[in-house]
Structures are given as C-alpha cells and as structure tokens.
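Protein sequence lines, in the order shown, are assigned to chains A and B.
Numbering (the numbering used here) for the first sequence: 42 to 276.
Numbering (the numbering used here) for the second sequence: 2 to 222.
Hints listed in this document are in silico derivations from the structure and should not be mistaken for laboratory results.
Given the structure is predicted, the values throughout are model-derived calculations rather than measurements.
In this text, a Cβ means the ideal position worked out from N, Cα and C, and glycines have one as well.
Incorrect hints may appear among the rest.
[Said to hold, decoys possible] Below, in silico cross-link-like pairs of lysine-lysine (DSS-like), each with a Cα-Cα straight-line distance of 27 Å or less:
1) B:K53 with B:K22
2) B:K208 with B:K180
3) A:K241 with B:K180
4) B:K22 with A:K50
[Claimed, not checked] Rough simulated footprint, nothing fancy, chain A against chain B, three-plus residues with beta-carbon under 8 Å:
5) 36 to 47
6) 85 to 97
7) 118 to 125
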Amino acid sequence: MTFTKVNSKVVRVDLNQSGPVVARRGAMLFYTGTVHFSPHQVPGAGGMPGGMGGIVSMAGRMMQGEHEATMVAQGNGVVHYGFRGLETHIVDMSAGGELRVEASRLLAHTSGLQSAVVQASAAPAAAGGGGGGLLGALRGAATGMVTGTGMFTTQLSGYGAAVLLAHGGIIELQVGGPAPVFVDPQSFVAALGPVRTDLKSTMSWRNAGRTGGESLQLECTGQGIVYVQASEEKL
Amino acid sequence: MPLGAHDLHPLSFRAMRLLEKSKRVIEAQLSNTSIRALSGSMVAYEGQVSFKSAGFGGGEGVLAGLRQRATGEGLSLMEASGTGIVYLAHRGRNVTVLDLNNETLQVESEQLLALNGNLSTNVAFAGVRGGMSGQGLFTTTVTGTGQVALLSSGGPLIHLEVSPQYPLVVDPDAFVCAKGQLTQSFVTDVSWRSAIGQGSGEAFSLKWDGMGVVSIQPAER
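Just need the whole structure built from these sequences, with the hints factored in.
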C-alpha cells in the first residue's frame, strides 16, 4: 500500500515508494527527510498566478464551486497527513479505476492519478425524475443549499491510491447488486468505479414537511463501491 | 422463516433486526416491515424503502405534539418501511443496540437513534432532577419488546449495575438510559461554597436506587 494508516485519523506515505503526493493544503502534520511542498493546480481551477488568469480562472472557480487548495509533496522522506481530526479511509487504486469524490472530502492522492473536475450526473435541473417547472427549480435550489455538494465533483482516474476524509468513519456499500442503493447526499463521500449518482427527491406538494427529513436521496446505479460516512456533517 | 426451537426471539423480532454495522453505524434489516428512527438519521439504504415522518416521542397525534411543547422532550421520529437494508447514523456518534424484553427503558430523548418492533415511546414525569443543567423534569420512556439503538458521544456506552446495596450516582449530563426496577432521586451538593462561586461544578447529581442497569456516555452534554 502506498498510504498506510498510523491510526484511524492519520496516514503516512513514503515518497520514495509513492512518488509525488498531492494533498489538501494544510493537511501535512509532520515529515522526515527532504520534502518540498509547492502549490498544485487542478486543470480547470483558477487562482494560480502566472497560469490562467482573469475570466478563465473565474469560470473555473465557479465551475469548481468548492474546490480545495492543494499542495504537492516531492522529495525523499515520509510525510504524515491528517485533517481536523477527521477519520481517514484509504482507497487502493493500484489496479486502476476512477474515483469520484467531493473535493472537501479528499485528503490526498498520489500524483499519478489524473484529477479533473467533472459535472456530477445529478444536475439539479434534471433531478427528481419528473421535476420540471417551479417545483423542479425549487428542488434544484434546495439541492445546492441542502447538500452543499454542488454540481461538480473531483474525479481521479488512473493508477495509484487516494485518501478520503469522513466524519465518524466510513462504510463501504457495494453497488450493482440486486437491490438499488440510495445515499443521503450529506453522507455521501465518494464513489469508486462506474457508478452513476442521480439525485432523487421524494418531495411533492402532497407530502411536504412529512418526509421524515429524508426528502433528497442520491440513487447509485452501475457497478462499484460507494463510500458513506456515519454522519450528516458537512466539511 | 420457521422459528427454530433454539431461537428465543419471536419471529417478528428477528425480521426487523438492528445490527451494529460499525462503531457508528446501525444496520436495520427490513422485510416488508418498518422501524422508527431519528428524523434525518438515514445515511444510505439498499432496496425499496420509503420514509415518512412518524411524529414525536410522546405518543400519537395532536396530544403528542402538545406534550412535546409542554415538556421540552423533543424527539422527532421518522418511519422507514419497505424491504431492504437501512443504514442509520447521527453526527458520527457511537451506537449501541439494546434488547428490551417486555421492559421499560428510561432514556434521554436526544440519545435515541432507532427502535423497532412493538416498542412504544412516551414522555413521563421523572421527578425533579437536573433542573439547573437543562435536563428537564421529564424523561422519555420506551416500553415493550424489541430493540433500541442508542447514541453516545465520546465512546461506547458504559453500563453500570445498580443493586440495592450499591446505589449509583451519575452526572445528569452523562446519563443516557436506565433499565430495571429503579427509583431516581436528585442529589444536591450545594453549600456556601457554591454560593460564592467556589463550587466543584458537580452540584447536581442523579441517584439511582434499586435493581437494574444505568448506562452513561463518556462525555457530558
């Protein structure tokens, strides 16, 4: 394994084995050896002086919504990462694959993984199945506000390893079995493999206010694993 | 499913199992049955499950709403019904499943995550306790046969046995639930020191006498 857990909240990585590691800025706890940290850029994201500026950058940022600043660690040594006392979870992608994760829930990944910002398939306007018109618009607005997850997510693809952050630990759910899988949008952390997530709303005029607080759900279809945290807490 | 001779649980009880999926997640298995859980506590589910509001812990109907207003024992439940597996969790807190066999459990309403079977909830007068610490005069009771999933902050629940020779005194802010033939009383340790602001910070305590089990969490609310 590239990343190893020191305890449930801290991971260590040996840069000699892993190569450069991209991590959320400020998540480095300590390191040994000669390690250099420098800002890292996700394609399509703004804010890099000398890179894309102005409108392109702004558009990138808007698209990202909640992209987190990252840094890349290079050199020889062992780096320890942790963030706000949140539980970590290592996803092994040494066999290749694609991981879609909320930017705020990604702690680190090896630089061999290609990272990009993609549109989550749950575009608010099309959400809900039969949610056109005013109610559809309301749902769309509610989605962004309620979930805080926005329309875009970070996609990592290729070979390597990534570390997820979760409040209260992670459970893995297999997608592709006989039973469909639904996840609370606030508890959704990431999806590994070709998993499609569609936002569904069980809300209608009829049951408004009587949905038991579970009116929005992410329906996961396809083949893969979804990672769910034991909390509805946003990061 | 036929009921095996070795199986002590009634059939309906098995069909609606609550399991500890991890330290912080409860797995509830539904087969055309329903469970009640804290509103908004679903993190994921598999299968065909629908959710609807199931009112408050004080019983049924309008009276329950009024009672909730009057007592401050707020407990908003939802009902999950259908066939599948529901995963329940709340703010990353630890979970514990307790079995009730025709018993009554006194529980802090905010520590309740889920209940199944024929369990009914009510709000009862618990005597004068913790008046200063925000723990009200009322407590939620869960009665019947089934399983209850409880939340605890700071770590797993700690179960403490109470017997007639050994009464137990707990901090009202750490108290989670009590089961058995227990009477509760309120101990104060207010002296002139408290009056001049030199109290120990443990002026009010809950004392349990009788026979039973009291559970506390390793954190104070």
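Structure-based check of all given hints:
{"no.": "1", "hint": "B:K53 with B:K22", "result": "23 Å, holds"}
{"no.": "2", "hint": "B:K208 with B:K180", "result": "14 Å, holds"}
{"no.": "3", "hint": "A:K241 with B:K180", "result": "41 Å, violated"}
{"no.": "4", "hint": "B:K22 with A:K50", "result": "20 Å, holds"}
{"no.": "5", "hint": "36 to 47", "result": "holds (count 8)"}
{"no.": "6", "hint": "85 to 97", "result": "holds (count 8)"}
{"no.": "7", "hint": "118 to 125", "result": "violated (count 0)"}
Consistency note: the structure conflicts with the earlier hints numbered 3 and 7.
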